[in-house]
Amino acid sequence: MIDQAIFQKPVLVSMKDLDVTTVKLLIQRAEAFKQGLHLELTTPLYAANLFFENSTRTHTSFEVAERRLGLSVVQFDPQTSSVKKGESLYDTCLTLAAVGVNLLVIRHWQDAYYKMLINQPSLPVALINAGDGSGEHPSQSLLDMMTISENFGDFSGLKVAIVGDLNHSRVARSNMEILHKLGAQIFFSGPAYWYTPEFAPYGTYLPIDELVEQVDVMMMLRVQHERHQSAADFDAAAYHRQYGLTVERAARMHPDAIIMHPGPINRDVELASELVESKRSRFVSQMQNGVFMRMAMIESVLRAQDLGCLV
Amino acid sequence: MIDQAIFQKPVLVSMKDLDVTTVKLLIQRAEAFKQGLHLELTTPLYAANLFFENSTRTHTSFEVAERRLGLSVVQFDPQTSSVKKGESLYDTCLTLAAVGVNLLVIRHWQDAYYKMLINQPSLPVALINAGDGSGEHPSQSLLDMMTISENFGDFSGLKVAIVGDLNHSRVARSNMEILHKLGAQIFFSGPAYWYTPEFAPYGTYLPIDELVEQVDVMMMLRVQHERHQSAADFDAAAYHRQYGLTVERAARMHPDAIIMHPGPINRDVELASELVESKRSRFVSQMQNGVFMRMAMIESVLRAQDLGCLV
Amino acid sequence: MIDQAIFQKPVLVSMKDLDVTTVKLLIQRAEAFKQGLHLELTTPLYAANLFFENSTRTHTSFEVAERRLGLSVVQFDPQTSSVKKGESLYDTCLTLAAVGVNLLVIRHWQDAYYKMLINQPSLPVALINAGDGSGEHPSQSLLDMMTISENFGDFSGLKVAIVGDLNHSRVARSNMEILHKLGAQIFFSGPAYWYTPEFAPYGTYLPIDELVEQVDVMMMLRVQHERHQSAADFDAAAYHRQYGLTVERAARMHPDAIIMHPGPINRDVELASELVESKRSRFVSQMQNGVFMRMAMIESVLRAQDLGCLV
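Residue numbers (the numbering used here), protein chains in the order written: chain A, 1 to 311; chain B, 1 to 311; chain C, 1 to 311.
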């Protein structure tokens, strides 16, 4: 059983708060769920997923994880909520806690939105960050670590490339943080102007053609057109040729090396369409693992809340 | 147990239809749910919540109440429904009843929309009004009565101020109706031009500075910008200074007097932000009580429908 | 019990794939559900309903059918999904399958969208077409056959008129296909320019006044304004007078003849408002039957997927 003290507070918002031991415990627990571990709630619990940005993978994955753990999922759509009448995120959460919601899973466009929600005695709820602006994306990061762990066992000395739209990527930020702690060697690639100074302490920049033969993991990032100023000027074919993982480049990867992508994929931009479901690709595994990792995350924050209801 | 004959028809749409005895029975029943009363459905029942106006509190509160009573909640979003193809509200409800929905909870922008739905033999469903235009808001009104009852026991002679955007407020209309029947003394305040002749029979108008020291309940109303013609001209600071419950004014309230607000709050407009979770405020209690009162309402209409399925 | 081999593949997308025996088995099974047949899942199953076009009847009917069979329904709204970031329908389905969804019910504006989804080993899900563009609408067609079967027993020699907006109607396409196989005699009516050559092999065109006295079923189609180029020019009263089922025309129908409509109805356009719930009308029966037919369809595709979980 997961140690009830894995978290002191019922909050999981940033990879910065997680040490190596905790990450490994969460991976271990997620693997147990994947093997069929089943928990029972001893009292009804309610979850609400507040997605202020579009999502398929993360949203449905959290919902399935909640239902598998026996939670009841309350519908919430920002577009038809009182947010449209100007209600703040804090007051929205205050409301949901008051009507009996026990777990809030939030994706929001504002960086570190969660700072206004944690350490509030009036919000007796568990909280998981499902992505904050260009900040972090801890559940994606943890499912990525789980997937890497399944393939390579240990992280020490593992060579991981994070490639593409670094600047707007919360996946890049969360993953470089934890990969660094876990002892992996990090490389960055993609358009050089997206390799801003905040990335330098975590790893060096290399053109993709120099990277592709020497790393164990090619972690391709989605070009986030919706966060760019001038999406109209973007030349997808040119990007693919210069920065993308093409079929030709993939052929030069180490025999055991894998390809990862957090999705959604711009096919034939950052990643060749033919590679998406290729033998090297862990795209589908990542999505499958996501449900089990999110179950482990939810279990942890519920136990920290001391609801004493998972047996 | 609630008397099966509390309602003749499976309909709860207006506070005008409820006498004092019924309101007190509903409060008593809601308190029993709050104390942990648990009912079981003997047959599966389905609820649909049709919200044609934005809502967080009322919508999620009804959903949690339905789930706590064991009902299955069918998703319905007017924005992706056949309403967009021009289907009428009546035909929408006819459809939902035909596919097996047993309870409809409706919020609609049209005043008294429910008149076209009740007494229709082809609609064998229970119906609760969750707010009609600038008409009524019975579930808010009943949870407000529950909250007042918890604080003061009896309503007789209780002094209640309803303050703010009276003209557009279904909360004001529903509450003045039932408070009057319950024997409370009602006062109104806010911009004088919103105190239209329909309010006069229920209570007198006083400037907030004259009210604040003498009433037991300050019921602050939300300024409903979305129903106003010229929201751009609105000066929030000026409104707060002249008509709002400021920290200074709250300090002059009677020691046992309470502050209420139906939410969502325009912080620092009708109510000072610091007061929202202050000791006097019942804002969170109102939201908590809402779930239990809605359980009592749902139980009552289901029993009137004679589904014989709650034990 | 339904034969586990009723379908070879867990897919129900077109009436063209169904022979007469299968249709009759599905009707028989739907009637069993209507009589109260109850199945139990031996393992939790998840359904997702992907509606890329507006719907009330079909969407809620599938959801109720899924819940009655014990499936858990995962929320999915294209408007707030990664489809908005450009993710393809295939990748969306790949994602849902990966997170553990077992049944996809899809309505999409693209004709035959399902061709890119079936026979994909990477998509281990059951698939039901809930309407594709101006293509087909098999669940509507099957519930229509069930309703006709309840009224007339056999289809052989039955005279069925399909009247109205033929050109845009997937209901017309699915129904003429199966009615033809079942031995019914088909007639078409409505504006002659909507009777395009694809309809000719299935039945002759007649003006409504010549049809109304000689057919057993008047199947009225909705004028689909949203699929027309020039909705502004449309004269509803003129359409009703010339092509619609008026009260006067209905009075000339054979005593046992019935009126059907897939909904939503444009009242007083294709069908007089007074006729919607008249004795001849099967509009409400169609919607009621829809839930049971969809249960039969879902059961069939789940059994073909060999989930072995319905007992």
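Treat each hint with caution, since some may be false.
Examples of chain C residues toward chain A, derived with CB under 7 Å [claimed, not checked]:
| no. | residue |
| --- | --- |
| 1 | Lys85 |
| 2 | Thr95 |
| 3 | Ala304 |
Read the hints as simulated data drawn from the structure, not as lab findings. Built from N, CA and C at the ideal position, the CB exists for glycine as well.
*Identify whether the interface hint at Thr95/C stands, where standing means a beta carbon of chain A within less than 7 Å of its own.*
Because about 5 Å separates Thr95/C from the closest Cβ in chain A, which is inside the 7 Å limit, the hint holds.
*Hint status (Cβ of Lys85/C to nearest Cβ of chain A, threshold 7 Å)*: 5 Å, holds
*asked:* The hint names Ala304/C as touching chain A; please verify it with the least Cβ-Cβ distance against 7 Å.
replied: With a minimum Cβ separation of about 23 Å from chain A (threshold 7 Å), the hint on Ala304/C is violated.
Violated hints amount to a single one, hint 3; each of the other numbered hints is respected by the structure.
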